[in-house]
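Construct all of the structure, not just a fragment, from the sequences and the given hints.
Residues per chain are reported as follows:
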Amino acid sequence: MTDTTTINPSLANVNRDATEIGGREIMVEMVGVNKFFGTFHALNSIDMKVGSGEVVVVIGPSGSGKSTLIRCINRLEHHDRGRIVVDGIELTEDVRNIALIRRETGMVFQQFNLFPHLTVIDNITLGPRQVLKMPKKQAEDRAMELLERVKIPEQARKFPGQLSGGQQQRVAIARSLAMQPKIMLFDEPTSALDPEMISEVLNVILELAKTGITLIVVTHEMGFAREAADRVIFMADGEIVEVGEPEHFFTNPQEERTQLFLSQIL
Amino acid sequence: MTATLPNYETNPQPSLPPNMKLSPIAWARKNLFNNWYNSLVTIIVVVVGAILVFYSGRYIFVTGQWEAVRKNLTLLMVGIFPRNEQWRLVVQMYLMASALGLAWGTATARSQDRAAETGIAAHRPTPLDLMRRYWTILLLLVVILALTQTIWPTLFTLSTLAVGLGVRSAAMRLPLSARQPCWYASAFMAILSFQVVSGTDGNAWWWTSALVSLAAFHLAGTKDFTKYLDSEIIRPFSRHKRLATAKDLIRFKQLTQIVSVIAAVIVVRIAYWLIGETSQVSWDNWSGLYLTLVASIAAITLSFPLALLLAVGRRSSLPVVRWLCVSYIELFRGVPFIALLFVAKIFIDFFLDVETPLSLMTRTIIAFTIFSSAYVAEVVRGGLQAVPKGQIEAGQALGLQPPGIMRLIVLPQALSAVIPAMVGQFISLFKDSSLFAIISVVEFYRARELIHSQQEFTTTAISETLVFVAFAYWALSYTMSKESQRLERHLGVGER
Amino acid sequence: MHKSSGRLLALLGLVLTFSLIAVACGNDDDNDATPTTDLVQNEGTLQAVKDRGHVLCGSRDDVPGFALLNENGQYEGFDIDMCRAVAAAVFGDADAVEIVPVTSAERFTALASGQFEVMNRNTTWTATRDGTEGANFLFTTYYDGQGLMVPASTGFTTLNDLADANICVSTGTTTELNLTAVFAARGIPFNPVTFEGFDTLVPAYEEGQCEAMTADSSVLGVFKYEIEQDGGPDQHIMAELISKEPLGTVVRDGDTEWAQVVNWATMATVQAWEFGLDSSNIASYNGSDPNILNFLGRDGFDPGLGLPSDFAIHVVQQVGNYEEIFNRYPQLGVLEGSVNDLWSNGGLMYVPPYR
Numbered sequence: 156m157t158d159t160t161t162i163n164p165s166l167a168n169v170n171r172d173a174t175e176i177g178g179r180e181i182m183v184e185m186v187g188v189n190k191f192f193g194t195f196h197a198l199n200s201i202d203m204k205v206g207s208g209e210v211v212v213v214i215g216p217s218g219s220g221k222s223t224l225i226r227c228i229n230r231l232e233h234h235d236r237g238r239i240v241v242d243g244i245e246l247t248e249d250v251r252n253i254a255l256i257r258r259e260t261g262m263v264f265q266q267f268n269l270f271p272h273l274t275v276i277d278n279i280t281l282g283p284r285q286v287l288k289m290p291k292k293q294a295e296d297r298a299m300e301l302l303e304r305v306k307i308p309e310q311a312r313k314f315p316g317q318l319s320g321g322q323q324q325r326v327a328i329a330r331s332l333a334m335q336p337k338i339m340l341f342d343e344p345t346s347a348l349d350p351e352m353i354s355e356v357l358n359v360i361l362e363l364a365k366t367g368i369t370l371i372v373v374t375h376e377m378g379f380a381r382e383a384a385d386r387v388i389f390m391a392d393g394e395i396v397e398v399g400e401p402e403h404f405f406t407n408p409q410e411e412r413t414q415l416f417l418s419q420i421l
Numbered sequence: 007m008t009a010t011l012p013n014y015e016t017n018p019q020p021s022l023p024p025n026m027k028l029s030p031i032a033w034a035r036k037n038l039f040n041n042w043y044n045s046l047v048t049i050i051v052v053v054v055g056a057i058l059v060f061y062s063g064r065y066i067f068v069t070g071q072w073e074a075v076r077k078n079l080t081l082l083m084v085g086i087f088p089r090n091e092q093w094r095l096v097v098q099m100y101l102m103a104s105a106l107g108l109a110w111g112t113a114t115a116r117s118q119d120r121a122a123e124t125g126i127a128a129h130r131p132t133p134l135d136l137m138r139r140y141w142t143i144l145l146l147l148v149v150i151l152a153l154t155q156t157i158w159p160t161l162f163t164l165s166t167l168a169v170g171l172g173v174r175s176a177a178m179r180l181p182l183s184a185r186q187p188c189w190y191a192s193a194f195m196a197i198l199s200f201q202v203v204s205g206t207d208g209n210a211w212w213w214t215s216a217l218v219s220l221a222a223f224h225l226a227g228t229k230d231f232t233k234y235l236d237s238e239i240i241r242p243f244s245r246h247k248r249l250a251t252a253k254d255l256i257r258f259k260q261l262t263q264i265v266s267v268i269a270a271v272i273v274v275r276i277a278y279w280l281i282g283e284t285s286q287v288s289w290d291n292w293s294g295l296y297l298t299l300v301a302s303i304a305a306i307t308l309s310f311p312l313a314l315l316l317a318v319g320r321r322s323s324l325p326v327v328r329w330l331c332v333s334y335i336e337l338f339r340g341v342p343f344i345a346l347l348f349v350a351k352i353f354i355d356f357f358l359d360v361e362t363p364l365s366l367m368t369r370t371i372i373a374f375t376i377f378s379s380a381y382v383a384e385v386v387r388g389g390l391q392a393v394p395k396g397q398i399e400a401g402q403a404l405g406l407q408p409p410g411i412m413r414l415i416v417l418p419q420a421l422s423a424v425i426p427a428m429v430g431q432f433i434s435l436f437k438d439s440s441l442f443a444i445i446s447v448v449e450f451y452r453a454r455e456l457i458h459s460q461q462e463f464t465t466t467a468i469s470e471t472l473v474f475v476a477f478a479y480w481a482l483s484y485t486m487s488k489e490s491q492r493l494e495r496h497l498g499v500g501e502r
Numbered sequence: 014m015h016k017s018s019g020r021l022l023a024l025l026g027l028v029l030t031f032s033l034i035a036v037a038c039g040n041d042d043d044n045d046a047t048p049t050t051d052l053v054q055n056e057g058t059l060q061a062v063k064d065r066g067h068v069l070c071g072s073r074d075d076v077p078g079f080a081l082l083n084e085n086g087q088y089e090g091f092d093i094d095m096c097r098a099v100a101a102a103v104f105g106d107a108d109a110v111e112i113v114p115v116t117s118a119e120r121f122t123a124l125a126s127g128q129f130e131v132m133n134r135n136t137t138w139t140a141t142r143d144g145t146e147g148a149n150f151l152f153t154t155y156y157d158g159q160g161l162m163v164p165a166s167t168g169f170t171t172l173n174d175l176a177d178a179n180i181c182v183s184t185g186t187t188t189e190l191n192l193t194a195v196f197a198a199r200g201i202p203f204n205p206v207t208f209e210g211f212d213t214l215v216p217a218y219e220e221g222q223c224e225a226m227t228a229d230s231s232v233l234g235v236f237k238y239e240i241e242q243d244g245g246p247d248q249h250i251m252a253e254l255i256s257k258e259p260l261g262t263v264v265r266d267g268d269t270e271w272a273q274v275v276n277w278a279t280m281a282t283v284q285a286w287e288f289g290l291d292s293s294n295i296a297s298y299n300g301s302d303p304n305i306l307n308f309l310g311r312d313g314f315d316p317g318l319g320l321p322s323d324f325a326i327h328v329v330q331q332v333g334n335y336e337e338i339f340n341r342y343p344q345l346g347v348l349e350g351s352v353n354d355l356w357s358n359g360g361l362m363y364v365p366p367y368r
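Chain order of the listed sequences is V, Y and B.
Residues 156 to 421 (my numbering) are what the first sequence spells out, left to right.
Residues 7 to 502 (my numbering) are what the second sequence spells out, left to right.
Residues 14 to 368 (my numbering) are what the third sequence spells out, left to right.
These aren't lab readings, by the way, just hints derived from the structure by calculation.
None of these values were measured; they are calculated from a predicted model.
We put the beta carbon where it would ideally sit given N, CA and C, even for glycine.
Heads up, some of the hints might be wrong.
[Said to hold, decoys possible] Here are the in silico distance ranges between beta carbons for each label pair: (1) Y:S62 <-> B:T145: 51 to 59 Å; (2) B:T207 <-> Y:G55: 39 to 47 Å; (3) B:T145 <-> Y:P88: 53 to 61 Å; (4) Y:L315 <-> V:K306: 37 to 45 Å.
[To be verified] BS3-like, lysine-lysine: derived pairs with alpha carbons at most 30 Å apart: (5) V:K292 <-> Y:K259; (6) V:K288 <-> Y:K229; (7) Y:K395 <-> V:K337; (8) V:K288 <-> Y:K253; (9) V:K313 <-> V:K291; (10) V:K313 <-> Y:K488; (11) V:K292 <-> V:K306; (12) V:K313 <-> V:K292; (13) Y:K253 <-> V:K292; (14) V:K313 <-> V:K288; (15) V:K306 <-> V:K291; (16) Y:K229 <-> Y:K253; (17) Y:K259 <-> V:K288; (18) V:K288 <-> V:K365; (19) Y:K437 <-> Y:K488; (20) V:K306 <-> V:K337; (21) Y:K229 <-> V:K291; (22) V:K337 <-> V:K313; (23) V:K291 <-> Y:K395; (24) V:K337 <-> V:K292; (25) V:K292 <-> V:K365; (26) V:K337 <-> V:K365; (27) Y:K395 <-> V:K288; (28) Y:K395 <-> V:K313; (29) Y:K395 <-> V:K306; (30) V:K291 <-> Y:K488; (31) V:K306 <-> V:K365; (32) V:K291 <-> Y:K253; (33) Y:K259 <-> Y:K229; (34) Y:K437 <-> V:K292.
This is how it looks when you write it as structure tokens:
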């Protein structure tokens, strides 16, 4: 799309003071991030920058650390070494920083993780009312707008258990958007869905991509990556192996591991 | 497969399974007499059932010597409670009926509002539904009233019901702004009713005023109340046209709160001064079925929040909190309840050298609460563990803080998952109250034993009193279990 | 992680245990009490009772005649009246007493821990109990003992009449041991028929499975009364007793002032009987017997017991003299000619002179 770097960022000379990447403000910056689960090295010296409004798709074989990567951004996972800065806020042990960063980021999970004891509309208004202290009426109006946007306003008073998987995931997207995040993190949003429901969710994400919000999407949907991504990051064994624009990435991968992976799934 | 298909097409109600509209005879033929051995079983069961019904009917209505129960009904109901102070119980029942009616009416009004708001009609129970739901309790009431010797208890029971229902329908008509005060009024009436029964001696007045001033503090802090004062009272009498800034409003609110708290304390003090502070009754006079009910309800309502704290504390990230909770739970689960009762009654005095010791009843209820909270805490912990980690992560991702996640996301799910186990615990707690007899507290079952200490009934009517007491325990436990199933269905809507 | 927290728990438990023991010991030192765990203040009981406004009296609620919670929720019986006598003596009001029912297992602990300061709970005075339970046994209010009951129609009057008889007895009690020991000592052969409890023993006796049944005579009195009330044959309780069971009033060790008060309040009922005073005539006594005048506190006679000088009037007027109390409860049997009769009538009721 733009002239963003095609160099493997782990090899690049990272300029810590840079506030822009390819003409965009830097939204997420990771420098030398390492993460261990016991002795398993889940993330190995990750360096990554994501610009404001950029759509980044992370792909890679299972167990390659994709999910861990984005879960580190909003501190669902604790990183052991390195530095993560989100919208100028450094992720430290300080709970206030963590709270600020979580307010800037929304997250959509593979298993939806809707609250089963609340109706759809209560799921969506919970965050705005409890965290942003928004009045009930205003929160519900916004929730209805968001449900319109994900095309299921008629389900507002139902419970999550009464919806299909695709509908649930769209509610989950609406729930995240209700917090007006600057960054949306998608952790394999379509992996738990029946095939016929995948497209309805991807369409919603595609529309979202056009609104200028920063998206980081972990997915196995290569078609989606090709269509929506500004950049594609390929991960394997906890490392970022290759980064590139989708056209270039899919047609002419540089690294051997990327070529192997693509040949297996395409 | 293909053969059954045309059946469905000709079926006028294709959405119903076929056996739902069977006639009684057809149903019986299909389910009871579909082959020779099933028919045989059915016949045997019917015959045995008929014999049982005949004998129990004869026992209940003809041969049973219910005189023992009839003569000692008051002993069974209120035990050693002084007979010339029984008006206190009557007053309490009326107050309780009003309190429950008020709470019920307010809750109904609220759920109606909510239904109107969301467009989903709330299910309104008809009188018949309520009868069906509480039939065991109603039956128990009828049995008790049938055993009374005058008409007064019956009239009194009916008028209590009337008061409760009357207050309920009145409460449903109150405006929205009256909701919060209604809850407080209901709670206050319930507390007051117990003070009427226990007498107002001792320090009752100060903790009542503490509760009332808390309520006053909260009410005075609500926005509606401040606005009302501002527009109706301050503005007409003030030189300023209205309170100028938000800051003024806050200051004004704080002032009202202080004034209301002081007013509440004074009002309660005066009320107690008027009632008079001394009386012949105390908590230790509670006994019989009354004690069994009060102690169980008190232990259930007190142990529940305590158990929540313990269960949450057991999963705390602070080691000291965790160890404290674990020790509490493991200590009191590992000790027999009887031992705990002995400690409460006797050994406490060895360790605490206090001037005015707590009354025996207070200690018993505290022991009961401590015992039950340890068990309930473990049940709740099971529920907490059953909530998937993803739920907590979703809450974190929304920016909720840990207390908010616990309160809004984890606990509601955990509790609805453990309702059956918890109610089971409560039912066994209710029956465990009969162990109070060990420390010579005359609870319901002990009252029954005392009947047979009387000369007249030493060896007679043993089965009758036993049947009566067993029936009362059963009726109450059964209702608890039914209500838990209802609550479970109600809360389980999301999982359907 | 798991292991270490388990160890910490064990440590915590140890600390708790030790702190409890420390607290207990600390209290021991403060009060200089006997090692029988009597940690309650032992002196000034009378003042504490007066401050409280009523007496706490340990008793029971399930023995007709002695102490029973009746259908009106009130305690009644011989032992209860003895409790009321103390209240009448201290406060001039027999109702200023709260009955605290206790089980036999917990009675001495409850007494030591201060649940009550007087106990009338048919407790036999024995050397061991006096010595090790921290209890002080006062006046014996009822001389009980193991006796034998036979249907009156048999005409049996002495133990010798029971040679080769079947005797119903509760198993595993001192009653059974006493029976065997006494009959063996006298060389009288008999057949014991044992039962688990009275609820099975009594019906068997009524059916005629045994010629006699044995139990404490106070208990026999209850069953005699019951059988006769139910229209059964008249029963005879043999005069001869085969064990000694003195039942009396008990207080905590260590407070002689309080012990005196309770003792004399109780004995006043017997003294009044001996003087021929009862609830109807005590207040209007106009004789000139100097002992009686002293007893009634006329002329300001005060023996210095810590009681009001006219306490005896309150006791007898409100509770009655010993004979009145005894005869109020037919389950206790016949007073006249029994061991509980006055010493002057050949019984054991003997109180020190009031002068």
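Verification of the supplied hints:
For S62 of chain Y and T145 of chain B, the hinted distance range of 51 to 59 Å is satisfied, since their beta carbons lie about 53 Å from each other. For the pair T207 of chain B and G55 of chain Y, the beta carbons lie near 42 Å from each other, so the given range of 39 to 47 Å is met. Between T145 of chain B and P88 of chain Y the Cβ separation comes to about 38 Å, which falls outside the hinted range of 53 to 61 Å. For the pair L315 of chain Y and K306 of chain V, the supplied restraint of 37 to 45 Å holds, since their beta-carbon distance comes to about 44 Å.
Only pairs whose Cα atoms come within 30 Å are accepted, and K292 of chain V paired with K259 of chain Y is accepted, the gap being roughly 25 Å. For the given pair, K288 of chain V sits about 16 Å from K229 of chain Y by alpha-carbon distance, which is consistent with the 30 Å threshold. Proximity of K395 of chain Y to K337 of chain V is assessed by CA-CA distance (about 25 Å); at most 30 Å being required, the pair is judged to hold. With a C-alpha separation of about 20 Å, the suggested pairing of K288 of chain V with K253 of chain Y holds against the 30 Å cut-off.
Restraint check: the Cα-Cα separation between K313 of chain V and K291 of chain V comes to about 18 Å, which is no more than 30 Å; the hinted pair holds. Proposed proximity of K313 of chain V and K488 of chain Y is supported: the alpha carbons are some 26 Å apart, at most 30 Å. A C-alpha spacing of about 21 Å is found between K292 of chain V and K306 of chain V, which places the hinted pair at or below 30 Å, so the restraint holds. Note on K313 of chain V and K292 of chain V: the hinted pairing holds, with a Cα-Cα distance of about 18 Å set against a maximum of 30 Å.
Between the alpha carbons of K253 of chain Y and K292 of chain V the distance comes to roughly 25 Å, so the proposed pair stays at or under 30 Å and holds. Restraint check for K313 of chain V and K288 of chain V: the C-alpha separation of about 24 Å stays at or below 30 Å, so the hint holds. As the CA atoms of K306 of chain V and K291 of chain V are separated by approximately 22 Å, the hinted pair is consistent with the 30 Å bound. Distance hint between K229 of chain Y and K253 of chain Y is fulfilled; the C-alpha atoms sit about 14 Å from each other, no more than 30 Å.
A threshold of 30 Å between alpha carbons decides the hint, and for K259 of chain Y with K288 of chain V the separation of about 21 Å falls inside it, so the pair holds. Restraint check for K288 of chain V and K365 of chain V: the C-alpha separation of about 29 Å stays at or below 30 Å, so the hint holds. Using a Cα cut-off of 30 Å, the hinted pair K437 of chain Y and K488 of chain Y holds, with the two alpha carbons roughly 17 Å apart. The straight-line distance between the Cα atoms of K306 of chain V and K337 of chain V is roughly 22 Å, inside the 30 Å bound, and the hint therefore holds.
A C-alpha spacing of about 15 Å is found between K229 of chain Y and K291 of chain V, which places the hinted pair at or below 30 Å, so the restraint holds. Restraint check: the Cα-Cα separation between K337 of chain V and K313 of chain V comes to about 28 Å, which is no more than 30 Å; the hinted pair holds. About 28 Å separates the Cα atoms of K291 of chain V and K395 of chain Y, which keeps this hinted pair within 30 Å; it holds. Straight-line distance between C-alpha atoms of K337 of chain V and K292 of chain V comes to about 24 Å, which keeps the hinted pair within the 30 Å bound.
Of the pairs offered as hints, the one joining K292 of chain V and K365 of chain V holds, with about 28 Å between alpha carbons and a cut-off of 30 Å not exceeded. Only pairs whose Cα atoms come within 30 Å are accepted, and K337 of chain V paired with K365 of chain V is accepted, the gap being roughly 14 Å. Among the hinted pairs, K395 of chain Y with K288 of chain V is consistent with the structure: their alpha-carbon atoms are about 25 Å apart, no more than 30 Å. For a cut-off of 30 Å, the pair hint linking K395 of chain Y to K313 of chain V stands: about 23 Å separates their Cα positions.
The suggested pairing of K395 of chain Y with K306 of chain V holds, with an alpha-carbon distance near 29 Å, which does not exceed 30 Å. Proximity of K291 of chain V to K488 of chain Y is assessed by CA-CA distance (about 35 Å); at most 30 Å being required, the pair is judged violated. Proximity of K306 of chain V to K365 of chain V is assessed by CA-CA distance (about 17 Å); at most 30 Å being required, the pair is judged to hold. Taking the CA atoms of K291 of chain V and K253 of chain Y, the gap is about 24 Å. The hint holds against a cut of 30 Å.
Between K259 of chain Y and K229 of chain Y the alpha-carbon distance is near 9 Å, which keeps this suggested pair within the 30 Å criterion. A distance of roughly 47 Å separates the Cα atoms of K437 of chain Y and K292 of chain V; the hinted pair therefore is violated under the 30 Å criterion.
The structure is inconsistent with the numbered hints 3, 30, 34, although it conforms to all the rest.
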